[in-house]
Amino acid sequence: MTSTHALSDLPRAALRGVLGVAIVGLIWEALVWALNVPSHTMPRPSQMASAVAATPDAYLSGFLRTLVETLIGFAAGAIVGIGNGVLFSKFTRLRQMVFPLFVVSQTIPVIAFGALVVLWFGNTMLAKSVIAFYLTFFPVTVNTLVGLQAVNPKQEALLRSFGASRWQMLIRLQLPTALPQIFVALRLASTLSLVGAIVGEWFGDTTGLGVLLLQAMYNENMVGLWAAILASALLGTTFYGLMALIERTCVFWRNDL
Amino acid sequence: MSLPLKNVPTADHQNTSPQVAPASTLLDLGGVSKTFGNVQALSGLNARIGTGEFVTVVGPSGCGKSTLFNIVAGLEEPDDGAGIQFRGQSCKARDLLGNVSFMPQQDLLLPWRTVIDNAILAIEMEGMPKAEARALALKMLPEFGLAGFEKQYPNQLSGGMRQRVALMRTFLFKRDLMLLDEPFGALDALTRTMMQRWLLDVWQKHNRTILFITHDVDEAIFLGDRVLVVTARPGKIKLELPVNLPRPRGAELVTSPEFISLKRTLLEAIEEESMKSFQATTGH
Ligand SMILES: Nc1ncnc2c1ncn2[C@@H]1O[C@H](COP(=O)(O)OP(=O)(O)OP(=O)(O)O)[C@@H](O)[C@H]1O
Ligand SMILES: [Mg+2]
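Sequence lines, in order, name chains B and Z. Numbering follows UniProt numbering, in which position 101 of the first sequence is assigned residue number 101; successive positions increment by one, without gaps. Numbering follows UniProt numbering, in which position 260 of the second sequence is assigned residue number 260; successive positions increment by one, without gaps.
So that you can see chain Z by itself, here it is in the shape it has in the complex (with noise of 0.2 Å):
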């Protein structure tokens, strides 16, 4: 299968300005359903990402967001009927295997290799000497806050650092889609705090669209320039939340009149949904 995708060079953008409408859709799902046996995950959701957009999602658990994940990186294809485009280009969901850097929800790291080379994991894989990627990768542990744990190995490390590890192994397999699925689930709140505004930096500075699933709505309000709200199973989209807050966004940002207003929006919703999720499972 050839990957007419691939080499297409990285888009030059600005993200200074989220009020501003994105220059271009890199990312357009149409109707993407998809059924596993007899479970529907997602049934016809639509969503846009725009090219250099921080796009948050929130939902119930179990709603279909890491399927959603999965398809965008070409790991499963939508059940039949789903329209696809990438730079414009209608594709399958396969054509998108190894153009989409993914972040799964657990951190994957192999125990048998060293923090410096599960971090270049990807880029090896690509063809990069290892020596060289190696180098690349050294440089940037310090900005990771990875500094000198180099030669660690991921059992020795906390779970904030194996999240790290694991985000720099996203970054440096560049490709302008990232997907992060729960990054900072497994973090205290100080820790995660601290994540966030060195994700917000990292991303200025990298220019990357960036697709993001959390469960904590300050979260997805702070990091996004739009938030999506998924419904409960099957998964589409209920709400999308434009969150018009200057950038760069501080820790005072978190109790702003804006702020709460969005939050409360966005609590009601999920809260509905998460009712509805609740009832399903549960019987009541």
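In isolation and in its complexed conformation, chain B is listed as follows (with noise of 0.2 Å):
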């Protein structure tokens, strides 16, 4: 079964990915060094170790506070997308009404929304979510919406032969049927998400990730940038590859069709 092959591979694709990292520093570090590049133009990954060992709690507070506003933004955003989606095609006289709504809503610049967001909810982590959150829902409802409309109707059918409720239908037949399309938009979201809650932090915060960003900015302190993106993009890859990974064990029978 494909499940367990993933499984399988697990430890293996991990190591490759830690192996590929290890070697990429390792050749930066030796780049850096060797062109004699100044620290304030690039720093090398010893130095943005280093920064990160001297302040340790700065960094593990930041990157925890970010990880919670985005696991709460990109839940509630799958949950709701989802919602809406099989709302959406059911009743097809409330997506051709509430649909266009959604798409002026994605055209606004997340900037200008995340003003608006920090109005109404104050500095505090709820509004970091709630951008995250604006940021996830429609893709997982656009493709939830697809996934569902993509129902081979001869299945369909059988299931209706057979007495299919349609609450039963959409359990048995068209959520699996979409799952598939589900994951795609919720791997996406899982970047989004992570988007959504550092932009949040600009608006203001004392902890995250965005947070680290924007004093290193300010204090033109490259080095803690530098440092800042890369746990920035640690939490974004772990946070995507679980989510490839729960996609390869529920989406088992898509990989050898």
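Please keep in mind that the hints were generated in silico from the structure rather than gathered at the bench. Computed from a predicted model, the values in this text were never measured in an experiment. All C-beta atoms, glycine included, are put in the ideal place defined by N, C-alpha and C. Where hints are given, some of them may not hold.
Here are the computed lysine to any residue pairs in the SDA-like style, where the Cα-Cα straight-line distance is at most 25 Å [to be verified]: (1) LYS276/Z - THR35/Z; (2) LYS154/B - GLY185/Z; (3) LYS238/Z - LYS205/Z; (4) LYS154/B - VAL39/Z; (5) LYS154/B - ASP216/Z.
Computed from the model, here is a short list of chain Z residues facing chain B with C-beta under 8 Å [claimed, not checked]: (6) PRO104; (7) MET125; (8) GLU126; (9) PRO129; (10) PHE149; (11) TYR153; (12) PHE173.
Label-pair distances were calculated between CB atoms; the ranges are [claimed, not checked]: (13) LYS151/Z - ALA14/B: 26 to 32 Å; (14) GLY25/B - GLY160/Z: 50 to 56 Å; (15) GLY160/Z - TRP167/B: 51 to 57 Å; (16) ILE237/Z - LEU94/B: 42 to 48 Å; (17) ARG166/B - GLN204/Z: 37 to 43 Å.
Combine both chains into one complex, guided by the hints.
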């Protein structure tokens, strides 16, 4: 079965990833050292590591704070997105009325919307999660809808001939059919929700990776800036990788169709 | 929509003597037509299916056989003016929904369900608890040649096995009337012969009425109590040929003079219709 494959492949894939990162880090270190690039232009990875080691608490608490904001926004976006997709697929009128509004909402730059959210919710963790949510729910809605509409009419007819109710049709056929599409959106949403949380933090806060980024920029602290960038990359990549792993376990039948 | 036909107990009957006229009519179709846009698929089709009968249906490709099944399964309404009677009661096609066990032309197995869970799909939706349904299906697996495969997924099965899973799903959904649309279409000749004999066994054991579409004339005669030949589109019944061959039927039957003579009659009728159908679609 493919799901067990996915799991047994995991340590190897992770190892290869870590190895790749280590090699790039070494080359980076060597190049900057060999070409004598000043650290305010391009710092060495070892300098970033020592910057983190000097104030580990700031990075750790920033990482955790941004993680929580991202996860809350992501979860809300995923649930609302899937719910919207289901509702829109069942009620065409509703879709025709509400969907254009969603599209308009998504054309508003997240920065403009962020200002509004901060005025409404203040500089709270909730405000950041709301912005993460705002970036997340739309792709999930669209993909859920597309996935639900891709149901094979013959399969639907077969289930009807068994006397399936609308609920059974949804649970037994439509949602599983849409699952691959939904996961594509969830992977995208995992990255977008992190963007939302970091942008949210730029409107003002005291902890978070976004805050570290902003502080480093104002202080022209190149080493700190790179350290914060790498911390964000670590968070984003881990989250994305986790989603991809869950996808491979849940949508096992897709790989060897 | 209430289903007036539900909960009627399964009829008890004998399949052993096809020569005797069936005790009662299970399904009676009168003047069934079906038009899709400007394509007329069926035109005034009449047919009567007796309780416990095994009726095979042959006809050129595109003549409306699957359309007929969709109507009998309750998935499509025929054009106005059709008369459908099920167990002696007049009804609409949609009243048959859920009262007929239907195996479509493709197996339509759900790729995320294992063999056993695909087999119990219908009875699970009827409300049988999953554990109970699985236990029931597990006992039937050997009979369908699927013993040991319960945990496999459809993409791990051969075409023949997939069709057996679909057949099992159809058998588990216990209804008096079974519609099988080319169930052995994807099988090689050898497997097909095995499956035909097996189906006759299962049919006799489970006392069902079967309406069976096929393109294979040998198969139609070998299995059926009667063969219905459908005309080129728009489809109606061209010929109704009783097959008075003794049961149980063995492999040697296929070479008997009676079988050959039936086959000749059928082939003539089908060829005539196939030519019409071919000329209509190629413009020659
Ligand atoms: N839903 C539909 N919409 C439009 N046309 C249809 C529809 N279903 C069937 N038809 C048409 O009706 C005709 C009969 O189709 P049907 O599938 O019943 O043929 P068939 O006898 O089962 O053919 P085959 O032996 O190839 O399976 C065909 O011309 C087909 O194109
Ligand atoms: Mg067909």
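A quick look at each hint next to the structure:
1. The suggested pairing of LYS276/Z with THR35/Z holds, with an alpha-carbon distance near 19 Å, which does not exceed 25 Å.
2. Distance hint between LYS154/B and GLY185/Z is fulfilled; the C-alpha atoms sit about 18 Å from each other, no more than 25 Å.
3. Of the pairs offered as hints, the one joining LYS238/Z and LYS205/Z is violated, with about 32 Å between alpha carbons and a cut-off of 25 Å exceeded.
4. With a C-alpha separation of about 20 Å, the suggested pair LYS154/B and VAL39/Z falls inside the 25 Å cut-off, and the hint holds.
5. For the hint pairing LYS154/B with ASP216/Z, the CA-to-CA distance comes to about 24 Å; that is within 25 Å, so the pair holds.
6. Because the closest C-beta pair between PRO104/Z and chain B is about 6 Å apart, less than 8 Å, the hint holds.
7. Annotation: MET125/Z was flagged as interfacial toward chain B, and the flag holds, the nearest CB pair being 5 Å apart, inside 8 Å.
8. The restraint placing GLU126/Z at the interface with chain B holds, with a minimum CB-CB distance near 7 Å, inside the 8 Å limit.
9. For PRO129/Z, the shortest C-beta to C-beta distance to chain B is roughly 15 Å, which exceeds 8 Å, and the interface hint is violated.
10. Look at PHE149/Z: its Cβ only gets to about 13 Å from chain B, farther than 8 Å, so that hint breaks.
11. For the restraint placing TYR153/Z at the interface with chain B, the shortest Cβ-Cβ distance is roughly 6 Å, inside the 8 Å limit, so the hint holds.
12. Restraint check, PHE173/Z versus chain B: the minimum CB separation of about 6 Å is within 8 Å; hint holds.
13. A hinted range of 26 to 32 Å holds for the C-beta pair LYS151/Z and ALA14/B, which are about 28 Å apart.
14. Restraint check, GLY25/B to GLY160/Z: a C-beta distance of roughly 55 Å satisfies the suggested window 50 to 56 Å.
15. Checked against the hint of 51 to 57 Å, the C-beta distance between GLY160/Z and TRP167/B comes to roughly 34 Å, which is inconsistent with it.
16. As the Cβ distance of ILE237/Z to LEU94/B is approximately 47 Å, the hint placing it in 42 to 48 Å holds.
17. Checking the proposed 37 to 43 Å range against ARG166/B and GLN204/Z shows it holds: the Cβ atoms sit about 38 Å from each other.
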